[in-house]
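Chemist: These are the residues of each chain, in order.
2 protein chains.
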Amino acid sequence: MKITLAQLDFQNGFFERNTEKIILAIREAEALEADLVVFPELAIGGTPANDFLEYDSFGEQCSQSLKQIADACEKTACIIGIPSPVEADNKRFFNSAAFCHAGEVRFFHKHQLKNTDLFDESRHFDCSDESSVLHFKGIKFFVLIGEGLVDHIALDEEFLLREIEKHQPQFILNIAASPFHASRAAERQESLQKIALKTGLPFIFLNQTGAQTDILFDGGSLVFDDKGQLAHRLPFFAEAIETIDLSILRQGFVMTNDALPDEIVLIHDALVMGIRDYFVKQGFSRALLGLSGGLDSAVTMALAVSALGAQNVTGLLMPSAYSTPHSITDALDLARNLGTPTETIEIAPLFDAFINELQPVFRNKPADVTEENIQARIRGVLLMAVSNKFGSILLNTSNKSEIAVGYGTLYGDMNGGLAVLGDVYKTQVYALAHYINREKEIIPLHTITKPPSAELRPDQKDSDSLPDYNILDQILFHHIELQKGAAEIIREGFDATTVAKVLRLVSLNEYKRKQAAPVLRVSSKAFGAGRRMPIGSKFIP
Amino acid sequence: MKITLAQLDFQNGFFERNTEKIILAIREAEALEADLVVFPELAIGGTPANDFLEYDSFGEQCSQSLKQIADACEKTACIIGIPSPVEADNKRFFNSAAFCHAGEVRFFHKHQLKNTDLFDESRHFDCSDESSVLHFKGIKFFVLIGEGLVDHIALDEEFLLREIEKHQPQFILNIAASPFHASRAAERQESLQKIALKTGLPFIFLNQTGAQTDILFDGGSLVFDDKGQLAHRLPFFAEAIETIDLSILRQGFVMTNDALPDEIVLIHDALVMGIRDYFVKQGFSRALLGLSGGLDSAVTMALAVSALGAQNVTGLLMPSAYSTPHSITDALDLARNLGTPTETIEIAPLFDAFINELQPVFRNKPADVTEENIQARIRGVLLMAVSNKFGSILLNTSNKSEIAVGYGTLYGDMNGGLAVLGDVYKTQVYALAHYINREKEIIPLHTITKPPSAELRPDQKDSDSLPDYNILDQILFHHIELQKGAAEIIREGFDATTVAKVLRLVSLNEYKRKQAAPVLRVSSKAFGAGRRMPIGSKFIP
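The listed protein sequences correspond, in order, to chains L and D. Per the numbering used here, the very first residue in the first sequence carries number 1314; after that it's consecutive. Per the numbering used here, the very first residue in the second sequence carries number 1314; after that it's consecutive.
The list treats identical chains as interchangeable, and a pair is accepted whether it falls inside one copy or across any two copies.
Derived DSS-like pairs: lysine-lysine, alpha-carbon spacing no greater than 30 Å straight-line:
| no. | residue 1 | residue 2 |
| --- | --- | --- |
| 1 | 1851 | 1334 |
| 2 | 1851 | 1380 |
| 3 | 1814 | 1334 |
| 4 | 1827 | 1404 |
| 5 | 1507 | 1404 |
| 6 | 1851 | 1825 |
Calculated directly from the structure, the hints in this document are not laboratory data. Treat the numbers as computed from the prediction; the structure is a model and nothing was measured.
Required output: the full structure, derived from the provided sequences and hints.
Modeler: Next up, the structure:
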């Protein structure tokens, strides 16, 4: 039996294009005389559809798409993810796999819903205990939906083993919409390999690819043979339609032993895809960003150029009285290396105008962080003005370390439609810079080697008010990704005062993050939907 | 038996103060010789605690608080809401009611979790099928957690009826953290009255009060007698500790027939509480807002004065070349009526400075919405500067109608720590203005009667680009609160072109709302946590 794996990128709620793409894949599979083509979880409708599911028209359009798709499955059958209504008259759904063949449509439902991190499946979905075994052309497939086995969800594994005992399926078909984070590909491969080994059944794990705003699906679909050996892996961050012969998977014939790419390479490629898809799906082609001569804007610029092309990315230099001369030369060197256009606007006259207008209100109050924020906000106004005038999207360049501790100005340098590095710690930004420079110097070396500074007052350095990034990032990682509190982090050997200060800043600045741009998610715990913290609380976890 | 109802306001994660408050209430009940004091759902820890629950220290501090509370229950028993760990070694909880008396601590767990609108209980909680009947001093209480019966959750009602059949409890004790929206008090009263009538059991519904940022708990706890008649209602939007004798509830003696306040009165009081609690819980006393002479800023100012006192609310006037003379006189009249200080900064010089600096980049591009946005953003910078310099919180004055259709500038008039009117349609803002003026003219009549305008270009009126607010608000209500799509709304008699335009604007501007200030929730479907829509989708529900 030949199975076509359609690892595709869907756009939430873009029924017309998604359906067209699905039907094209079915035709392609048919041309190859495939028996079955498999699409990812929630391919119809897209995911996360969130509260779209509360509108009747969403469910109706899903059903209409499925009809069109089923009509195309006269010869080649398909299995495709779809929200299927629990009853005709309410707004609850199953997260289902629809099997379509020669006029027949059968549903298999998700067994165990996911309500962690990014997912709130119980908000719209019900789970099901029905059997998930499909008989097709003399072969029994166990059809599983979601990434529960990757997460070692006991209930999913028990369900699988029970079904194996009861129905003796010969293959496991697992369709998923499994978001990327840096170690996710390795986790998937390891967890699923164990299941394949344990069950002795060939195992296909089919993932989505493409970005839905902040959530990145990395593809990298997996095929294991009946010895639990990795037989095939589809590409990361790209659509792919590939056809395999099931018989090969029962011969213990290892077709691949490709090593996984380094995490920093995966993060790089994830961010490039995230930028590109955000623009494509919003219907924009041009990006703008503020170029400070610093590392974050340089790396963001290089990623944007990879995603959109050099001519579509404009850098705006906005030096102030506190900018060092190398800020400008470093920024211009970067733009020259990348071949991107730049513009320059001095902010000193605007800053003076604000100070002058505010003087009657401020009276003789001494200068403080207010004046630093005014500079950042003037830049914010300029960036939005240029972005509005030329129809481009402003990219935010803040990194995860500074977003975590609130080292940024709301409505200033926190502006932007998309925070490219918002889930990348400063120390990882350095690693990205080195990776970007792997063949030649794109990011000027001086940008990498100089001490980081916001340049909002004379001789300012990040290290004046923050711990060294090597320390800061480790504390933040323990607190955010590993969800450890102060006592546990201090036990790891970090200085108690520093830990207390960092955790206090993370808590205090929750209110800023509530108004931050969507953050491309590349870690297991990103700011945004994955991390929901109350604001204005006295509790510091 | 005497039961004390402790309708209190808790602050998420402020264990020290919450515990102190709880123990004080126990002492007060004890002094009145009450047998039992009842606290709301999730009183310990506060709600929504969200991802605080993923940190071990949160659960540990909950347990510590419970120990202290249990120690105080030597004489008078208590029932109190708390997240209680499912097992010692994982991060899952039950949403529980702890019964504490004379060294004994027993838990009753929530039966049916809530995963709609604001709630994601399955993210951290497990549900339980254990019996919920408490035997105390010869009386059997059915202990129910949450507002499931208000929402007609069938599983909650079935559980209740099954438990009644099995254990014959004599009273229903329902502890809740039931958020406010305009019709919620009426819904609670109606739904619970039916249950009381159906079961023939006296029914106590104890609610939280106080605001957790955007979520407002209105109190208004209810007591029904065994004839299903409303015996008592605790105040709205205020803490209250009241003691009742259970015997009275078995005599069919109706103690109250207070009518519910009008919805606009409830909304008014909810907003005042929301502002006050936001400031108190964040540790701020002073507010700032931009005073345009228009209705939204005037109503926001009046609400802020009720919440914080006139001397704590400053209005900043920022007239431009397009401001009409009455903008200033109306704003100053309002400030005089309220007794609030004002400051005035002209934005023309700043606008000219920006245009001048941007000219080399803009070249000869014609003026468009960019220039309007620059004005709004200059005001945003000024407001944040004054707010930073004087340690006040900027209140956002946008209403729900304009937030819905994106009639506002991101990083401009969308700035602020809290969106006071963000869940109040423009037509409701008028109603609030009339209510505020019920005794004397506080909001200048001219502010109420003049046509709304953003005054960002000459002779601009909201009606130039938006349908009349009477029409717009109805379309929005059908779409947002009633979750109807275009076809259904048109069937209600609205113009098809207008509906299509409005729904397109709502969809298109989802990205702005992702970066908006928290919105005080007063409707059944507010922007923010309650309405989660993907951005950058082609689907218009």
